[in-house]
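Between the sequences and the hints, there should be enough to build the whole structure, so can you do that?
Chain by chain, the residues run as shown.
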Amino acid sequence: MRKAWSGLLVVLAAGGAAAADLRVLVTDQRGRPVANAVVGALPPTGSSPPAPASKTRTVNQAALEFVPFLEVFRPGDRVVFRNSDRTRHHVYSFSAAKAFEFVLSPGQSSSALTLDRAGVVAVGCNIHDGMINYLYVTDAPWTARTGADGRATLSLPDGVYTVQAWQPRLRPGRAQAVQERVRVASGTPAQLSFKLALLPDSRRARD
Amino acid sequence: MGFRFRLASFLVAALVTVQVLTAGLVYSVTRHQLIDEGKRQLAVAATAFGRQLEDISERVAASVQVLALDYALRSAIAQRDRATVRSALANHGRRVGAARMQLLGTDGRIEADTRPQLGQTEFAYLDLLERSYERPAAAVVSWQGRAYWVVAVPVFAPDLVGVIAATLPMDDALLARLQNQSVLPKTIELVGAAKDGWRVLARGRNHVSLVAALGAGGAPLPVQPRLVTVDGQEYLAQSVRLDGSGSGGEVAAVLAYSVDEALQPYRSVASAWAGLLGFGLVAGVFGAALIARRVSRPVEQLAASARRIADGDYDATPAVASGDELGALAAAFTSMSTAIQEREARILHQAGHDLVTGLPNRVAAEALIQRERMRSPESPAALLVVGLRRRPEIVKTMGHAVADRLMRDVGERLSRIMGEAVARATDTQFSVYLPGQGKPEAIASALRIVEALSAPYQEADFSIDIEAAVGVALAPEHGLEAATLLRRASVAQITALDTEEAAVIYDASTDPHRPERLSLMGDLREALDRGQLELRYQPKLNLATGMIDGAEGLVRWQHPRLGWVPPDQFIALAEETGNIRPLTRWAIGAGIVQAQRWNEGKRSLRVSINVSVRDLDDADLPRRVSELLDLHRVDPRSILLEVTESAVMNKPEAAIRVLRELADQGIDLAIDDFGVGQSSFAYLRQLPIAELKIDKIFTQRIGDSPADRAIVRSIVELGHELGYRVTAEGVENMDTLHFLADIGCDHAQGFVIAKAMPAEDFGRLIDSRQWVAVAERRST
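Protein sequences, first through last, are from chains A and B. Heads up: take any position in the first sequence, counting from 1, add 50, and you land on the numbering used here. Heads up: take any position in the second sequence, counting from 1, add 22, and you land on the numbering used here.
Keep in mind that a hint or two might mislead.
[Stated by the list, open to error] Among chain A residues calculated to face chain B with C-beta under 10 Å, some are:
1. 140
2. 143
3. 144
4. 145
5. 151
6. 184
7. 218
8. 219
9. 221
10. 249
11. 250
[To be verified] With beta-carbon atoms standing in for the labels, derived distance ranges:
12. B/157 x A/153: 26 to 32 Å
13. A/134 x B/202: 52 to 58 Å
14. B/121 x A/179: 26 to 32 Å
[As the list claims (entries may be wrong)] Every beta carbon over 10 Å from chain B, so not counted as near; a handful from chain A, in silico:
15. 98
16. 114
17. 115
18. 126
19. 134
20. 137
21. 198
22. 201
23. 210
24. 232
25. 235
26. 241
27. 245
28. 246
In short, the hints are calculated from the structure, not lab data. Note that the Cβ used here is the ideal one computed from N, Cα and C, for glycine as well.
And the structure:
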């Protein structure tokens, strides 16, 4: 998926004006690289590229885990949950962006759910406490995910952007990390770093 | 301090000291151990308490977690169904015993609250909230004067949507429950930090104001066990800091063990100990007194016995029956006492008995007799003193050994016939005391004695004739005292020796040793001083002229009390006691004075004065006489000194010297009592004498005895041949006078002429011519 998105960005960049890379480093409050952080860049209003057609992605449940752990959507995209496990899964979400709940028998797929609002959808299984999955719905035309090294690269046409970073474990009660007016100029690789205050990884604790 | 008391007090003191020291040591060691143990236990208890609280919080958290996992609640929370959430919380809160249940948002805001507080919108303990994101967290907080346990549990749906906080009260009941469930110290206080120190939030079973003492004024509480005194009681206290919230105020638990309580079981031991000590003291005192008594009683007894032995009582030997040292001492004492007794008896016996004869000695005899006399002073008794006539010679010829055996034999013979009354009075005399015997019986006894001793003493080689002489003194007429009787019997015995009579009864009149005589001597000296003595003069008739031409001065004594004292009494006594010299001196002086008086009157009398044997020792005599003669301006030829024959013979050499000196002065000397002493003619020739005076023994018998007449005549012739004048004394009749005149005797003295008379009477006599006829007869 990532590659697909990156590829789209490159196309966009090639099709449009000159593009540059924006390298982003995301670390936590202790300076350690953070994986699975989504970095999105928003152009100033008015100059967003037209939205692509909505996509439908599938989140699988296998080995008592949601796969992938994090999926990035644009508003309007659809998601389908498929149970590849041999047990049932009671999938639910109480998130304000999308609330749903259904039980999937083994091998069953859910109907496609349209994610029309931007926001974070945290999905869990009522039967299996450790199962959790995040659907990050964002308006940002350009997004990238950090790897284990905490780095992501955005290829953006020149211009001024608002870059925001988000990670599933962001400490509640704090504003999302946002950095405004980042100028990207071709030929000049820009660097950005975000320091995020994160909660400890509760997945490990609970299982 | 007595031995008994010392021993008892030593034992008691030792006992008490040992006990007290031991008790003190044991108490301090025990206490130390207890406190150490208590500290260990307290530390353990503190840890245990902390863990117990943790257990509670974990249980509550677990329970709340179950709640937090409930799908319906999660759904209600996510959907902000406050009412449902609140009721679910309330329900669960009751289950876990929470006082308050809250749902908190991730921003710390209170979403639901079973006990909403006015104005409180935010969770009070945000740090607890933060901690709870990782896992359930708990803290002990103080709020409104109470302690609470706050447990915060995160709610995941599926990610963190909020935190449930349960607040449980930590009150006295909880502490009491905890104390009941486990071995916690009885005294627990939950205290919270306050402005001015620590505030008690909850208390365990025992209400003791520990923190008031420990953390007064906000002092930090001890985290190690510490000894503290509260209200007079001792406690080991320690505090445990309880996990709290930064905004909840510090809460600590103070645990304490009562040292006094721990020592309680030992109290009974201590009282038992004290009781034992008291008992031991009593027993010790008792035992010590007993032991001391066992020792000191025999010692006292022995001391008392020793005193009694010192006093002479040998019978009371202590009966100490023990077989130990004291018994040995008592046995030694007894044998010592016996030995002393025997020795004393022997000494007494020896003191009272004569070694040679085995008879009682003088002291014993005298004591015995004295006792008898004291018992019945009026009853008659006879005391016989038996002596041997020739004992001195026997000793001289046969020696003391033989003499002793002889005396033993005599003693045995006396004892055989006289029984137990016999004693050896002196070296030479035996005494026999016969109570109840009067004069005839005494004489009979005396004669029996003489008879019994008439047989000679036989030894192997020789025999000795004994020949006893017995003196008898009768009681009570001869004396009341034993000493007096003995003396008088002795005197009688000496008389018997002298007179050849077998037995003589004491006659006071002939006793030259009467004690009155001794006082007489004192009186004599007084008499000399006071002029109670006077010279009486007996005239000497010159047979050739028939005139009185001499006077013999004789001392006469008018005793103020006794009256007339015969000269043979006091002169002999004076000679024996050495008082004769002053007497002689006085006599010579008086005579010289009288001679001077007479011769001034142209009387021409020669005064004769007697000089005793003692005076012949006096080398000063001639000089004194000479002085007197010069003093009174008397011609030496007016004086004649008469010395007895026996006196001269006694000490011939000295006598000769003195007499010579006297004669050299021109004084005539005469030998008095001539013929009855032991004369040595060899010495007689050397004496510068002028006159011989024939003893009256011969003169008195001139009328009856031709032998005496022959003697007198011989003496006159002898004296004349030697150039001496001769005077005859004791002329009592005219025939004798005539005879003397016939044989040519120069002078005569005697009653027929005149008795001794005072000087003033003498004058009359001188002029008398009554004897001229006698003189005339002579010449024819």
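Here is what the structure says about each hint:
no.: 1; hint: 140; verdict: 8 Å, holds
no.: 2; hint: 143; verdict: 8 Å, holds
no.: 3; hint: 144; verdict: 3 Å, holds
no.: 4; hint: 145; verdict: 8 Å, holds
no.: 5; hint: 151; verdict: 8 Å, holds
no.: 6; hint: 184; verdict: 8 Å, holds
no.: 7; hint: 218; verdict: 7 Å, holds
no.: 8; hint: 219; verdict: 8 Å, holds
no.: 9; hint: 221; verdict: 8 Å, holds
no.: 10; hint: 249; verdict: 5 Å, holds
no.: 11; hint: 250; verdict: 5 Å, holds
no.: 12; hint: B/157 x A/153: 26 to 32 Å; verdict: 30 Å, holds
no.: 13; hint: A/134 x B/202: 52 to 58 Å; verdict: 56 Å, holds
no.: 14; hint: B/121 x A/179: 26 to 32 Å; verdict: 29 Å, holds
no.: 15; hint: 98; verdict: 30 Å, holds
no.: 16; hint: 114; verdict: 13 Å, holds
no.: 17; hint: 115; verdict: 12 Å, holds
no.: 18; hint: 126; verdict: 24 Å, holds
no.: 19; hint: 134; verdict: 19 Å, holds
no.: 20; hint: 137; verdict: 17 Å, holds
no.: 21; hint: 198; verdict: 21 Å, holds
no.: 22; hint: 201; verdict: 25 Å, holds
no.: 23; hint: 210; verdict: 32 Å, holds
no.: 24; hint: 232; verdict: 28 Å, holds
no.: 25; hint: 235; verdict: 38 Å, holds
no.: 26; hint: 241; verdict: 30 Å, holds
no.: 27; hint: 245; verdict: 18 Å, holds
no.: 28; hint: 246; verdict: 15 Å, holds
When each numbered hint is compared with the structure, no violation occurs for any of them.
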